[in-house]
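Chains as they are written, first to last, in this note's numbering: chain R, 392 to 681; chain C, 9 to 335.
Calculated directly from the structure, the hints in this document are not laboratory data.
Be aware that a few hints might be false.
Simulated DEER-style distance windows between Cβ atoms [stated by the list, open to error]: (1) N190/C x K470/R: 25 to 35 Å; (2) S265/C x Y510/R: 25 to 35 Å; (3) P475/R x N190/C: 13 to 23 Å; (4) L273/C x I506/R: 15 to 25 Å; (5) L303/C x F648/R: 55 to 65 Å; (6) E136/C x P509/R: 24 to 34 Å; (7) S265/C x L577/R: 31 to 41 Å; (8) F302/C x V478/R: 18 to 28 Å; (9) I181/C x P475/R: 27 to 37 Å; (10) L550/R x R186/C: 35 to 45 Å.
Just so it is clear, the structure is predicted and the values come from calculations on it, not from any experiment.
Here a beta-carbon is modelled for each residue, glycine too, at the ideal position from N, C-alpha and C.
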Amino acid sequence: MQFLISGIVLGVLYCLMSLGVNFIYGIMKVINWAMGEFFMIGAYVQYLLIVFFLGVRYWYIGVFIAALCTFLLGAFVQKILIKPMFVGIIEEKTEYATIVTIAMAILFRNLAILIGGPYIYTPPDYAPPTHLGPLPLSGNNFIAFIGTIVILAFFFYFLKKTWLGKAFQAVSQNRTGVLTAGIDVLKFDMIAFGIGTALAGAGGALLAPVLLVHPLCGVIPTVRGFEIIVIGGLGSIPGVFIAGLSLGIAESLGAAFINPSFIDIYGFGLLMLILLIKPYGLFGKPERSV
Amino acid sequence: MLKGLGLILLLSIAVILPFFLKDYWVYSLTITLYYVVMAVAWNLLGGYTGQFSLSHHTFAVIGSYTSALLIIKTGIPLWMGMVSSWMFNVLISVLLGILCLRMRGIYLALTTWAFAEIVKTYIRMDFEFTGGDRGLKAPLFFKTMDPVPYYYLFLALAVITIIVIAVIMRSRIGYYLRAIRNDEVAAQAMGVNTVRWKVFAFMAASVIASVAGTFYGHFTGLISPVSGEFYEMALIIIFVVIGGMRSQSGPVVGAVSVRFLAEVLKKWPEVRMVILAALVILIMRFFNGGLMEFLRQGYQRVRQRKGAQPVSAYQETDKTNAMLEKK
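Given the sequences, and given the hints that come with them, work out the whole structure.
Following this line, the structure appears as structure tokens:
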């Protein structure tokens, strides 16, 4: 039972990351490989804010500002780099997007080392240790758990209930179709990229005291995020939750009953199993090829 | 004819080069040749076939670790360890390929990326077996640290790889692979077994990577999980993109020139990566083709200035139109 709860906590945290990637994929059919770097930027912004401007007590304001910063950065990057894909200059879209975002990831990582140095910064704790049911939990994990749930709830409210969210759903279904309904697809792409990166940035800010702040702190959540996407199915939002939870549970159960030092391998084993049984993931549909 | 002469000249320069250079530079050139092999093999997969494997470096790491571990733990001779490690890589790459190449290419990229990180973490964590972050002492191939014999070994390996890839690309398989990149559905409709050839390309590239990896492991004598970092994969992509994707000589030119730049900027590793990453983004954004395409266009411009008319499709049609009118 204890392991189950800790697995659920882990799974919810992983969801935030993969939701951003999947949202961007749903709208633009592009994988953003630099997601972990936006996570890292969010964590750095949060660290700077807490230590120099706000203080630990107002960490939630820091999360908002970090998300805002990554939103602006993501929208800017989309405008100068990803947008040309849809205006008709680039011949092979997947190839272009993959290479450009990988180069971007390398660029951001090394800029972070150049500016902040290869040090690990430790932000102060957000909250004292607490209990969640029978499970003793560190305050930081608890805060991250609650914060993630709040952000996910907001995101869903936005996606399902507001006009803008419905427009996004429409764009992900049929790009040409929504053009006739008077929706500026290119502008929506920019906002969607911004929202995806903002989710990653908020994740980075929330998890800063858990994963600490250093140039490579985005790598582990990104690996999990991509695993979740493959397990749940590309572009499927409900798939993210089921896959995130099952990945978290598989990891904590594996750590408890087999060997805790190989925690990263269980998730990958699950992924291989799913690929074997359902090649398009739990909720993914085979894409229309023409 | 001119091209052949140029190639022979380049090769002979490469052969006599170690006699004029210090050991450090020979060592550095050997590592460059290792990267040439890796980049050329990745170009087969990422460039010609359009399938993105992000675990190319991981296959090299798996190759070097399997070989070294087999030799150390069981005491079999060196060549046997290397060959069995290649076999092992064939197995892994075919399994991975069959699992994720049934779908569109992006699944391969996602899965191999996760695979690369997992393998690296495993090597780090299981330190009692693999040596972990301290690295693993691999037996040397020539029983000496002198880089000159290794230089020739890697030169031969690079030449063989380039020839093999050139032969593949000129054969029927090469056309299959290019067809898959350009339009997978159309290729399938023309009767190309896309899954089989995609798996073949993935396997070929991965096995070449593992061959290079095993030799590299037995050349440096010390293997560590550092060569499994994502940074290595990014370097390979940078070589191919800067040199020019989808050209025979692009990855070679890219690897050599970028490695040279890297040696010059050795003191500032972060600055060097920032410059290279920015260069890749600029090339992809504004000039899809890399150095080789740049050279080719420059060459054409020089010829144009000398008076030789460039042959373009429009002029051909003009000529035929003129001929038709005469009749």
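Consistency of the hints with the structure:
1. N190/C x K470/R: 25 to 35 Å: Given a distance of about 29 Å, which is inside 25 to 35 Å, the answer is holds.
2. S265/C x Y510/R: 25 to 35 Å: holds (33 Å)
3. P475/R x N190/C: 13 to 23 Å: holds (21 Å)
4. L273/C x I506/R: 15 to 25 Å: Holds - the Cβ-Cβ distance for L273/C and I506/R, about 18 Å, lies within 15 to 25 Å.
5. L303/C x F648/R: 55 to 65 Å: holds (59 Å)
6. E136/C x P509/R: 24 to 34 Å: About 28 Å separates the Cβ atoms of E136/C and P509/R, which means 24 to 34 Å holds.
7. S265/C x L577/R: 31 to 41 Å: Holds, since S265/C and L577/R (Cβ atoms, about 36 Å apart) stay within the stated range.
8. F302/C x V478/R: 18 to 28 Å: holds (24 Å)
9. I181/C x P475/R: 27 to 37 Å: holds (33 Å)
10. L550/R x R186/C: 35 to 45 Å: Check passed, 41 Å falls within 35 to 45 Å.
The structure agrees with every numbered hint stated previously.
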